[in-house]
Amino acid sequence: MCLVSFASCEKAGTELSDLMIIQGIGVDYKDGLYTVTVEILNNEQSGSPNGDSVSENKTKIYSMQGETVSDALRLLTTKSGNLPLFAHNRVVVINENLNEKTIADVLEFFVRNYDSRASQLLCVSKGKTAEEIIRAKLFKDTVKSEILENLLTESYNRSLVPRVRVIDGVNALQNKCGGLCIPAVGIMRNGENEDYELLGCAVYDENGIISGYLSNEEAEGMAFITDDFREGFLTQELYTNEFVSIVINKSKTKYDVFTENGRLKYRLTIDVSCDLDEVSVMEKKKSDPEILRDIKLSVAQGVSQRVEKTLDALQGPEGADCIMYYKLLQLENPRLFKTVENNWHDVFSSAQTQLRVNVTIRRAGEEILKDNETV
Amino acid sequence: MKQRVSANQFYFALYLSVLSTVFMYLSSPDIKVSQTDSILRPVVFCVLSIVSVIPSMIVVRKHRQLKKERKYIEKTPFLKIIALFYGVVFFFSLVKTFARFDLFVSSELFPNADMTLFLACIVGVCVALSFLDIGALGRASVVFALVVASSTALVMLSLSQELDFLNFTPLMENGFGKFLGEGTLFAFQAMEIGLITVFSTQLEGDVEKGFVVWSVLSSVTFAAIFFFVVGVLGGFADTQLFPTYTAVSLASFGLLERIDALETAVWILCIVLKAALFSLAIIKSFHIAFPKLSRKITGTALFIVCSVLINFISSDIERFSFLSSDFLTVALFILSTIILPVCVILNMRRVKPVEKLQEDI
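Protein sequences appear in the order of chains A and B.
27 is the number of the first residue of the first sequence in my numbering; add one for each residue after it.
257 is the number of the first residue of the second sequence in my numbering; add one for each residue after it.
Read the hints as simulated data drawn from the structure, not as lab findings.
Ideal Cβ placement from N, Cα and C applies to all residues, glycine included.
Honestly, I wouldn't trust all of these hints.
[Said to hold, decoys possible] The following label-pair restraints were derived from C-beta to C-beta distances: (1) B:E513 with A:K166: 24 to 32 angstroms; (2) B:V403 with A:R319: 54 to 62 angstroms; (3) A:E263 with B:F432: 54 to 62 angstroms; (4) B:E513 with A:L164: 21 to 29 angstroms; (5) B:N368 with A:P343: 44 to 52 angstroms; (6) B:C377 with A:K166: 48 to 56 angstroms; (7) A:N242 with B:T372: 54 to 62 angstroms; (8) A:E367 with B:S363: 32 to 40 angstroms; (9) A:K166 with B:N368: 32 to 40 angstroms; (10) A:N83 with B:V472: 58 to 66 angstroms; (11) A:N216 with B:Q417: 29 to 37 angstroms.
[To be verified] Among chain A residues calculated to face chain B with C-beta under 8 angstroms, some are: (12) Y140; (13) A144; (14) Q200; (15) N201; (16) K353.
Let the hints inform the model, and build the full structure from the sequences given.
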């Protein structure tokens, strides 16, 4: 019974070398046609007795056009001669400019296809086409999609950008109030080669159409607001030309939604726990409880600034509710939500946020600290 | 000689059988899985199952009373008609089970494969297992239940890191009436309750207490499973044919990246057990309706008819839609748990002393 349920049996009777094991998919749309670019494992190279010593690339890249994403992907067989296997796909790159198509149109195939997994990561190509991202000339022969996946995963683990999988994309766009922030990637020159670079997030409105971008700085506050913080770093100027670097190892956000004078307000209480990484102040001050207090205050200010930047960008003209404010209201006050649901974009833009940041220094390296109070 | 089974072992078998319904739970446009109400619907199941089992429990009690009084129920034509109806009802339940399993396998495991032989094999295995009778199935269920419980717990543990509380929705958002209706429809999927009457003469031990424990335990398990489905998938659950499977496919535990393979194997175990139970009930019912038909002939006929019918349904999704329609689900549940047991009770007035017994029911 276990054998029956093994994933690879999905293509029962097909040899691995006859499969097009897809690692990354790029989707562009222009002139009424989708262009799909895939990076697939080079089975001939992987399966050869010489292993890594052969000179062939580890992956192959194919592009194909079609009326739909499915059409283009299926037509790839005519180029590669193999059957596509989507189960191992790592990342889907979507062109920032989809013309008249929405992101929901692109995701339709990945939601409906049996073989495709809901956990594939999504990203948007900024300044380049999705095909150019998949075909990037990286510094060494490697699986590019794996590098892209690592970039997105590590950026999420460092709370720089949200993690957006197919499932997250669908969830965000299902409700007519919610927007979606998808990490944006570009290509930068590195000598003769190219490297991927993170370029903040693309903001999609409730209709699945791109409405603007968040810069890397503006995207950093999202993890605090959505209570999806993993780990992060912060450097603050403590005194003039004296800096403190901290590692934020834990953050917990509590929400409160209320109305005041007919205006919707959110109260976010963010509890941050951090370790000191470097304190470049005069040695004699280091054990002083006052400096600890100043560090906490400085960290609280730093976190507040990040959150405020994100809120300003998302509540601005190019923003959308990617931080699930509508959901918080729906859970807290379903009746009120129903009254403002149809006008959510305006309500969200004018919603006020009260911020309170509590900072706890968990460890201070080799220093012994007496104070552990909350600022 | 009829096999006996302890009530506890029998309820273990029913537990696994009813679990398969949730594992292979199908999304419907009318009932949203993604709503937090899904977690509370098992409460309706618990209440409704306890109410609907009352006729079956009366049958069990009457059987025990007759045994004490050394009397047996006369095989009247009316009883044969009831048995025939039972056979037909359980046959539809069996076909429905196989059809759902076929949809799952042909969607998630072998999307491009020809299922004809595979389906025939599964039907054959289930019918063959039914010849082991209820005692053996009950004992095996205890072991299976441990495997199912431990693997499901592992999946839940690994899914806990994927939970997002913003995926939940306000409770009873669309009103209590709609919630009650959806909960009732969910409860009607538990066709297993009707099996109690069929196996009533073979059950030993505290049947009533065992049923309450079964009902509560099943409800808690359903609620836990739906908690993870809603918490992990959110609205995405409504876009998926098998939302429970989609949620499980996101689970990974250390190096074990594809726990869904393990869980799917366990689900197949539950499906096989459920089908074996229904096959046994069909064979038993037809044997009462047509005493001259041997169990082997009935079993062989069941295998052939079922295999052909499943393959016929498998080729067209509209045929499956009819089979899984709300009307059929409600009709089968009411027939097997209320109308037919009440008919059995009515027939129980026709008794004879055991000294005149020629053939047990």
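Results of checking the hints against the structure:
1. Here the CB-CB span from E513 (chain B) to K166 (chain A) is close to 26 angstroms, well matched to the stated 24 to 32 angstroms.
2. For V403 (chain B) and R319 (chain A), the Cβ-Cβ distance of about 57 angstroms falls inside the hinted range of 54 to 62 angstroms, so the restraint holds.
3. Separation of E263 (chain A) from F432 (chain B) is about 57 angstroms and conforms to the stated range, judged on CB atoms against 54 to 62 angstroms.
4. At roughly 25 angstroms, the beta carbons of E513 (chain B) and L164 (chain A) sit within the given window of 21 to 29 angstroms.
5. Taking the beta carbon of each, N368 (chain B) and P343 (chain A) are about 48 angstroms apart, inside 44 to 52 angstroms as hinted.
6. A C-beta distance of roughly 49 angstroms is found between C377 (chain B) and K166 (chain A), which places it inside the suggested range of 48 to 56 angstroms.
7. In this structure, N242 (chain A) and T372 (chain B) meet the distance hint of 54 to 62 angstroms, their C-beta atoms being roughly 56 angstroms apart.
8. Range check, E367 (chain A) to S363 (chain B): about 34 angstroms between beta-carbon atoms, so the 32 to 40 angstroms window is met.
9. With their beta carbons about 36 angstroms apart, K166 (chain A) and N368 (chain B) fall inside the hinted range of 32 to 40 angstroms.
10. Checked against the hint of 58 to 66 angstroms, the pair N83 (chain A) and V472 (chain B) passes, with Cβ atoms roughly 59 angstroms apart.
11. Restraint check, N216 (chain A) to Q417 (chain B): a C-beta distance of roughly 35 angstroms satisfies the suggested window 29 to 37 angstroms.
12. Interface hint at Y140 (chain A): satisfied, since its Cβ lies 5 angstroms from the closest Cβ of chain B, which is below the 8 angstroms cut-off.
13. Checking A144 (chain A) against chain B by beta carbon gives a least distance of about 6 angstroms; that is within 8 angstroms, so the hint holds.
14. A least Cβ separation of about 4 angstroms between Q200 (chain A) and chain B falls short of the 8 angstroms threshold, and the interface hint therefore holds.
15. Nearest Cβ of chain B to the Cβ of N201 (chain A): about 7 angstroms, under the 8 angstroms cut. The hint holds.
16. Given hint, K353 (chain A) at the interface with chain B, holds; its Cβ is 5 angstroms from that chain's nearest Cβ, closer than 8 angstroms.
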